[in-house]
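Engineer: Chains A and B, in that order, are what the protein sequence lines are. According to this note's numbering, the first sequence holds residues 611 to 930 in order. According to this note's numbering, the second sequence holds residues 182 to 703 in order.
Warning: the hint list may mix true and false statements.
Cβ pair distances, simulated, as ranges [what the hints assert, rightly or not]:
| hint | chain 1 | residue 1 | chain 2 | residue 2 | range |
| --- | --- | --- | --- | --- | --- |
| 1 | A | S745 | B | N207 | 51 to 59 Å |
| 2 | A | Y633 | B | R691 | 45 to 53 Å |
| 3 | B | G349 | A | S748 | 31 to 39 Å |
| 4 | B | R342 | A | G654 | 39 to 47 Å |
| 5 | A | G654 | B | R691 | 51 to 59 Å |
| 6 | B | G369 | A | T799 | 34 to 42 Å |
| 7 | A | R614 | B | A214 | 34 to 42 Å |
| 8 | A | T799 | B | E533 | 22 to 30 Å |
| 9 | B | Q439 | A | S876 | 43 to 51 Å |
| 10 | B | L202 | A | M839 | 29 to 37 Å |
| 11 | B | K418 | A | T799 | 55 to 63 Å |
| 12 | B | R343 | A | V767 | 30 to 38 Å |
Calculated from the structure, these hints are not laboratory results. Ideal placement from N, C-alpha and C gives every residue a C-beta, glycine not left out.
The lines below spell out each chain.
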Amino acid sequence: MFFRPTFRLVPDGTGFHFMRGRYAGLIVSAILSISSVVLFFYPGLNLGIDFKGGIVMEIHTPAPADFNGIRAALTAAGLHEPGVQRFGAPDQVAIRIEAQKTEAATQTAVATVTAAVEKAQPGSRIERTDAVGASVSSELFIDGMMALGLSLLMILVYIWFRFEWQFAVGAVVTLILDVTKAIGFLALTRFDFDLVMVGAILTIIGYSTNDKVVVYDRMRENLRKYKSMPLRELIDLSINETLNRTLGTSMTLFLAALPLALWGGSALSGFAWVMMFGIVVGTSSSIFIAAPILLFLGEKQLRREAKPLPPENASPRKPA
Amino acid sequence: MMYFSRLKTALVIGACLLGALLCVPNIASAPAAWLPWRTIHLGLDLRGGSYLLLEVDMSTVIKERLDSLADATRQALRTAKIDRYVVTPQADQNRLLVRLGDASQVSAARTAISPLGVNASGTNDLDFTDLGDGQLAATLSPVGLKTRATAAVEQSIEIVRRRIDETGVVDPLISRQGDSRIIVQLPGVEDPNRIKQLLGQTARMTFRLTDENANVGSPVPPPGVDFLPMENSPGQKIAVRRRVEVDGANLTDARAGQNSQTGEWVVNFTFDSIGTRRFADISTKNVNHPFAIVLDDKVISAPVIREPITGGRGQISGRFDARSATDLSLLLRAGALPAPLTVVEQRSVGPELGADSIRAGAIALTAGLLLVMAYMGVFYGLFGWFANIALIVNLVMMLAVLSLFEATLTLPGMAGILLTLGMAVDANILINERIREEAHNGRTPLNAMETGFRKAFATIIDSNMTAFLAHVMLFFFGAGPVRGFAVTITVGIVTSLFTATMVARLMMVRWYTSHRPAVLPV
Numbered sequence: 611m612f613f614r615p616t617f618r619l620v621p622d623g624t625g626f627h628f629m630r631g632r633y634a635g636l637i638v639s640a641i642l643s644i645s646s647v648v649l650f651f652y653p654g655l656n657l658g659i660d661f662k663g664g665i666v667m668e669i670h671t672p673a674p675a676d677f678n679g680i681r682a683a684l685t686a687a688g689l690h691e692p693g694v695q696r697f698g699a700p701d702q703v704a705i706r707i708e709a710q711k712t713e714a715a716t717q718t719a720v721a722t723v724t725a726a727v728e729k730a731q732p733g734s735r736i737e738r739t740d741a742v743g744a745s746v747s748s749e750l751f752i753d754g755m756m757a758l759g760l761s762l763l764m765i766l767v768y769i770w771f772r773f774e775w776q777f778a779v780g781a782v783v784t785l786i787l788d789v790t791k792a793i794g795f796l797a798l799t800r801f802d803f804d805l806v807m808v809g810a811i812l813t814i815i816g817y818s819t820n821d822k823v824v825v826y827d828r829m830r831e832n833l834r835k836y837k838s839m840p841l842r843e844l845i846d847l848s849i850n851e852t853l854n855r856t857l858g859t860s861m862t863l864f865l866a867a868l869p870l871a872l873w874g875g876s877a878l879s880g881f882a883w884v885m886m887f888g889i890v891v892g893t894s895s896s897i898f899i900a901a902p903i904l905l906f907l908g909e910k911q912l913r914r915e916a917k918p919l920p921p922e923n924a925s926p927r928k929p930a
Numbered sequence: 182m183m184y185f186s187r188l189k190t191a192l193v194i195g196a197c198l199l200g201a202l203l204c205v206p207n208i209a210s211a212p213a214a215w216l217p218w219r220t221i222h223l224g225l226d227l228r229g230g231s232y233l234l235l236e237v238d239m240s241t242v243i244k245e246r247l248d249s250l251a252d253a254t255r256q257a258l259r260t261a262k263i264d265r266y267v268v269t270p271q272a273d274q275n276r277l278l279v280r281l282g283d284a285s286q287v288s289a290a291r292t293a294i295s296p297l298g299v300n301a302s303g304t305n306d307l308d309f310t311d312l313g314d315g316q317l318a319a320t321l322s323p324v325g326l327k328t329r330a331t332a333a334v335e336q337s338i339e340i341v342r343r344r345i346d347e348t349g350v351v352d353p354l355i356s357r358q359g360d361s362r363i364i365v366q367l368p369g370v371e372d373p374n375r376i377k378q379l380l381g382q383t384a385r386m387t388f389r390l391t392d393e394n395a396n397v398g399s400p401v402p403p404p405g406v407d408f409l410p411m412e413n414s415p416g417q418k419i420a421v422r423r424r425v426e427v428d429g430a431n432l433t434d435a436r437a438g439q440n441s442q443t444g445e446w447v448v449n450f451t452f453d454s455i456g457t458r459r460f461a462d463i464s465t466k467n468v469n470h471p472f473a474i475v476l477d478d479k480v481i482s483a484p485v486i487r488e489p490i491t492g493g494r495g496q497i498s499g500r501f502d503a504r505s506a507t508d509l510s511l512l513l514r515a516g517a518l519p520a521p522l523t524v525v526e527q528r529s530v531g532p533e534l535g536a537d538s539i540r541a542g543a544i545a546l547t548a549g550l551l552l553v554m555a556y557m558g559v560f561y562g563l564f565g566w567f568a569n570i571a572l573i574v575n576l577v578m579m580l581a582v583l584s585l586f587e588a589t590l591t592l593p594g595m596a597g598i599l600l601t602l603g604m605a606v607d608a609n610i611l612i613n614e615r616i617r618e619e620a621h622n623g624r625t626p627l628n629a630m631e632t633g634f635r636k637a638f639a640t641i642i643d644s645n646m647t648a649f650l651a652h653v654m655l656f657f658f659g660a661g662p663v664r665g666f667a668v669t670i671t672v673g674i675v676t677s678l679f680t681a682t683m684v685a686r687l688m689m690v691r692w693y694t695s696h697r698p699a700v701l702p703v
């Protein structure tokens, strides 16, 4: 363990024929993405208050919380459909109030909740108050979407500059498929979709691109090295050669996110679960989506644009 | 790639030591005041406190500008001997409509009004349109509006700062956001209710005369008079003249105190020289008549003037208690806001929840680090442990850069650090896999390391660049704590490039030159 590697994730020189599964991969991906889009509209994302506006308060009651009492007090105070939930320990309560019509009404509602809780369970301590007005939440939403859209665009441009356009198209199409799945996962798990989740999706985009770039990099290198190898074999070879790295990096990132999901507290565990889902999706899409797209975009074009490397780099190694 | 000159070695080690040095301020206090002692700040979500986003009500700013412009216009038209006119402020169209009885006087009116639009920087804020039929519209230009808005926000920030400073909150952070918003960060303030109340009043105080002949019961007040409610008995109204005799801006001081005879809470105030003169003047002329002290369109009290007040000192009594007297004196000292402020976003976190978050973050961070290190050790052996040392160095370097920028560490920021640690070893994995591959291709150990580093390097740059770009976007478009996430991750990507390629490589080269192994442990 301290000198030689103890294990290998994947033995060397594997010869999996990934491209045989290209249709299966694309079909599974398409089904998942389409159902994610359906989930996006029904039941839809559970928008957090960053994007929806409203009030979320976390309250620590002196004794085990009297949920019905608090709910009754809030309704009596004139608040419409207050959400009162247990949140961790039995003396921790999360209260959600939907967005009010005006900013001033939102602020009044905060005061109303405080007073109602004090009446229902005297001695309660308010641990957290988040109150977001309607104008701010719509701006935050637009900004969040801008961040997502622009980063996809930047990645497209970057890959286009560094590789041929086929790679850029392959990467961005795959990324869009990845993102829709992450959104489907969000809709399914009912995690709050808020700014932190936009951060998670961006990280997934960043990681997934990173993964594709590494595989593409190897394909580009092999395109120059093996000039007569059919593209399908060449793609398989490149994926097999980078398999240990692809899976290895997913593992380390997964291991880093796992403790966050388990012990990161309410604010971060949703974020970490989405991350972990994204890592699995991103890794498999590098193999089963991004590579087949390249295969479909065509051998002729890629070969023509790939320039040969100087001879000393040509390795005598035969494809596995 | 496999050769490190003495200088280069010294530079790499020096950078690592500098990183460690820059982290010191976070754990120790400054030994001397002149030392640049930069630390990472804890975000409000970790240390507890409140974040308020305030919106300056621009419609009030425009309305007030138009109202004062209307007064000045009437005056100017009178001076220009134009006698038949109606001046109407139209706030929804940002303009003033002047209807003249004599249509031939339009250009004369225009010449008379035009100088009123000249602002401090010498440009004219008014655009004139002749609507025909003796109607002239004076519209506030967009540039002029923007200047007004900027001035209003700047002035509001100043007043907000003064009011908050008076409450004794430590280290408040007040800054501008966009065209009409103000961010207020209050560390340690768990319940910002009092501050919200203090900021929720414009606190414009005026001293005006009352109209004793007006019938408060009549539906429309006489010209130049307002029916204003009494602060302490909302049902009761008082007829107050619109003309402001003395403005609260002419106060130099205001203190809460108790009346020595009645023991009642009062606010004692002092006028500046202009205020003193004016107040002496009106109080001399109006002995035995009441005057009204008006705060934000509510009458606090309307005492009868018993004798001329010439000393420039006065006392407001209006059924105060200790708290309301203190608050009023605070508001008067700090000055009036140019326009009302509305809280559009509030985020408050109690200190206990903040401490819980720090604990949760620290546990996750430690566990994540250990898991990643164990993985690297098991799957990459010696080179994996080199990568692990580089990983620790990376953590130190990240903290160093964050301290240098005096960045704010938030809870998502801690998640960013953790994810960076998971991502940073990617460079080492790429390098190790490549070296292994090259060694299997029959290269000598030195040659395999050399080629492995060189070939992996281009891939590392490409793959990190894309992640970097994505998070820079998040930094520009994200708000609040999530920006902390973008900051830690972008900083981490940059430092990991250094540690994974330079620090880990230095260790591998040192190890190789001292052992000269025939086979690499890959």
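Engineer: Which numbered conditions among the earlier hints are violated in the structure presented, ordered from lowest to highest?
Structural biologist: 1, 7, 10 and 12
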